[in-house]
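Participant: Quick note, the sequences are listed as chains C and Z, same order. Our numbering applies: residue 1 is where the first sequence begins, and numbers increase by one. Our numbering applies: residue 1 is where the second sequence begins, and numbers increase by one.
It is worth saying that the hints were derived from the structure and are not from the lab. It should be emphasised that the depicted structure is a prediction, and the values quoted were computed from it without experimental measurement. Among the clues, some could well be false.
[What the hints assert, rightly or not] Computed footprint of chain Z on chain C, listed as stretches where at least three residues anywhere in the stretch have a Cβ under 8 Å from a Cβ of chain Z: (1) 17 to 28; (2) 38 to 44; (3) 49 to 58; (4) 104 to 117.
Ideal Cβ placement from N, Cα and C applies to all residues, glycine included.
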Amino acid sequence: MPAGSLQTAAEQAYAHLYPRWIAGTLDADMTAFLDALVAIFPLDGSPDQRTVSNWIVVGRNVVQETTIVDDYEFFNDAVEMVYRVCLAADDASIHVIKRITVPQAAAVLAAYNATLD
Amino acid sequence: VTYPQPTGADSVSKFQDFYRLNTQIASPGDIFELDVTASAVLIGPDSDFAQVRLTMWNATGPVTRSTKAIVTPDRSFNAPVQPQSTIYPSSGQKKGRTLFSPHDLFNPYYRPLGYDDVHDRIRFFQPRIDLMAYYAPQPSLVAQRSDKRWTMQYYKQPAAAGDDSWVMVPYYGRKYGSIFFKNLTGHDVTLEVRGVNFTMQKGIVTPGLSAIETALSASAVLAANAVRSVVIDASVNGMFDFLAIKYQPSHADQITTFGPIPTRIITSDDAL
Chain C
1 MPAGSLQTAA
11 EQAYAHLYPR
21 WIAGTLDADM
31 TAFLDALVAI
41 FPLDGSPDQR
51 TVSNWIVVGR
61 NVVQETTIVD
71 DYEFFNDAVE
81 MVYRVCLAAD
91 DASIHVIKRI
101 TVPQAAAVLA
111 AYNATLD
Chain Z
1 VTYPQPTGAD
11 SVSKFQDFYR
21 LNTQIASPGD
31 IFELDVTASA
41 VLIGPDSDFA
51 QVRLTMWNAT
61 GPVTRSTKAI
71 VTPDRSFNAP
81 VQPQSTIYPS
91 SGQKKGRTLF
101 SPHDLFNPYY
111 RPLGYDDVHD
121 RIRFFQPRID
131 LMAYYAPQPS
141 LVAQRSDKRW
151 TMQYYKQPAA
161 AGDDSWVMVP
171 YYGRKYGSIF
181 FKNLTGHDVT
191 LEVRGVNFTM
201 QKGIVTPGLS
211 AIETALSASA
221 VLAANAVRSV
231 VIDASVNGMF
241 DFLAIKYQPS
251 HADQITTFGP
261 IPTRIITSDD
271 AL
């Protein structure tokens, strides 16, 4: 079931990534998620936006550093990156002064639901 | 995040020879960046987080790859950390900045097992990240965190006597803790202390999912004017992300103003 909010997406990251890790597709799915995030934040961006988009760098690092796709550390690191980027996007978009736009935050959720849910 | 963030350029332009990021975090997703070269990175004295992830561009491998290191009070990163001027298309044209993020888990949606979202209350001491980066080589690095003192006296009132008010205190990587309570409310108070290791689950709907909890001091009444102490020793009790402390009033008078119950907590990186 698609996550209805970024907080829910974060909370469900373990459960949603688990079958992909078991199936051995987690690296490809994470790459698809990161590609979708790059499409939302295609440029270096402002310091405001980078409080979310810098997680793309961490995500690429997680995917690049794994050598065995069913490694438990890779699973954990992927879950943690997804958890944190979802909460970063949530926090950056829910306050009066926003660091990313509401449509950008909605796009992060849509990227999650399209690639990882 | 606390915003705007300090930048390396700020400290360089002020002729400082170090950068210091010292801020409460607002979200588990907080991430910070440094755009100048550092000779060493270490945990600062005021950090609540014991583990900070360093993501940096690879100076000793393929230029398109980043690498990571986890710095802790026991292990600094005592080597040059150099941002790259390269732009990385794989990361959305990001420049090669050095990134810092807490590696310890923080779950602001944690609720203790048994928590009643209608009647009970919870307040957090928001955890702080303190990270230092030196611009010049240092003869020695001491990353051990300062002992930290937490003082409380009044508490958020629960809905009624018999309901709970919880206070959450950071404890990441600490090896020793000492807690003293004194009940000056004039009525009984029930106290309890748990050690909490967070999961990534929200606890508001299902409190038990949001952490692994360990009893450190069982729920027990502290009579008016009585004192209680609790000692936490990592070699005996284990290590925790946070301490969860329950204050339960027994009388309606305590709902108007829940206190004073002076509480003093000392946490330390030193073992007993």
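Participant: Look at each hint and say if it fits the structure.
Facilitator: Taking the hints in turn, this is what the structure says about them:
| no. | hint | result |
| --- | --- | --- |
| 1 | 17 to 28 | violated (count 0) |
| 2 | 38 to 44 | holds (count 5) |
| 3 | 49 to 58 | holds (count 9) |
| 4 | 104 to 117 | violated (count 0) |
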